[in-house]
Amino acid sequence: MKKLSPKEKIKQNNLRLKRRNKWNDLRIKRRNKKLQNTDYSNSEKREYNPIVERYKYKCIDAPVVSSIEENTEEFSKFNEATYHYRLDEKEFRKKYKISQYDKIAIDLTNTEKISPAFALNLASQLSLVMKNSKTKFYGSFVKRWRRHIQLTLRDLGFFKLLRVKIPRNRRSRKTEFSIVEFEEFHHSRGLKLVDKGNATKQFLSKLKELTDKDEPGFVPEGIGEAMINVTDHAYDDEGYFWITAFFREDRKTIWIILCDKGQGIPTSMRNSKEWKERLPLISNMADDNLLEEACSAQSRTKEPYRGQGIQKMIEVIKNSNRAEDSLRIYSGKACAKYHNKELNVEKLNFEFDGTLIEWKYKIR
Amino acid sequence: MKTLKIAEFSDFPAGRSKEKDPYSGEQYREDILLPAVKEGEVMIDFTDVYACLPSFLEEAFGGLVRADVLPPKDVKERIKFVPTDSTKYQDYIFAINKYIDDAIANREKHGAQ
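Residue numbers (my numbering), protein chains in the order written: chain A, 1 to 364; chain B, 1001 to 1113.
One or more of the hints may lead you astray.
Covered, in the sense of this in silico footprint (three residues per stretch, anywhere, with C-beta under 8 Å from a C-beta of chain A), are these stretches of chain B [stated by the list, open to error]:
1) 1010-1016
2) 1052-1061
3) 1078-1085
No lab work stands behind these hints, which were simulated from the structure alone. This structure is a prediction, so every number in the text was calculated from the model and none was measured. Yeah, the Cβ is synthetic: ideal placement off N, Cα and C, and Gly gets one too.
Assemble the whole structure, with the sequences as input and the hints as a guide.
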């Protein structure tokens, strides 16, 4: 066989890459066309199973539409599986009948659409798995994920947070969003107190790079109070929380998402001495009732100076006087939505581990 | 009269408890505010402050009343503010006065803690 010179080798490799990219693009176009015609409300769709066997692994398989709001049922099954895996691998294997010899992976091969809140929640789960079991997140499956999913997660900072090397993508992608990448904070009493003021300022300076505007006064207050809520109530001693933001230029809208994997708002209220004094029957109250109490105005409480956290976030939205601003909070078995100056609290049919706050507002 | 610049403590003070936050209301109250208020009147200056969280303001100033070191009326009379044109700082001044009034009302309702 004729030996190729280095220049000829490079030429040959480039041709191979061009051909591969051409086929990948065609595949994505066909898939997108199929996706447009797919009706996910169809009752004949396949039943979602979070555990599948793939690539000789037992994979915790993310849903096709990975979104907490749009696909709550499948999200609940996926989240439950990742939660059990994070908490205790042995119990997880027992619950899902996985042999001790089978390797486990979290996989997004089937995912066609992913929301940033889902991605942040997943990143937080995986980050904790890696910390608890001191394992690495291997990026070998990532190559098989849809390219637009890879790019979305790359732009969100998902791989950077988990320290995963992803296949280099030479083509940049135009996206309708500008993003502040996922950021992780470690809070620990005594040694590692997070300076929330400074953290909020740094986060806002990154946000300013996207929007090229100073944020209105209620934004630092809302973000700062949300962070304080996490460190004061979510964890007893030590914990992590994650934050991200993205800006949609055409709609002039900013989303800020904050996530923690602590005890959740309803549980922290049940454990709080002050709340027990305010609500003597608190141990019998359901999560949705407790979350509603947490979000409600202070005037009903004996000690009006307390309870700045979520109430402040809602107050800042009220004071901004803009009906299009909204706030969504998932915690425990409840979801609170504040929109059009109305608070609605719903019961969830699954338990959300920790708290996720999604805040959307329009800039002027 | 002593002038206390909040920005010298932190330009973005946040949080209540000194156990959980490095620039908390409790820290500010114990180390700076209370010793100054014991001596006499103080002028609070918000110049160069990026933002102040409500939880910080409430713990620092409302906590002064709850600390029960001085009579509540004295607390209210001794705290003054440097005049400002900034609406943000005016909101903080309004909030502090409200927190002090609420703390006094609460104290009268439920007794000293």
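In rising order, the numbers of the hints this structure does not comply with: Going through the list in order, the structure violates hint 3 alone and respects the others.
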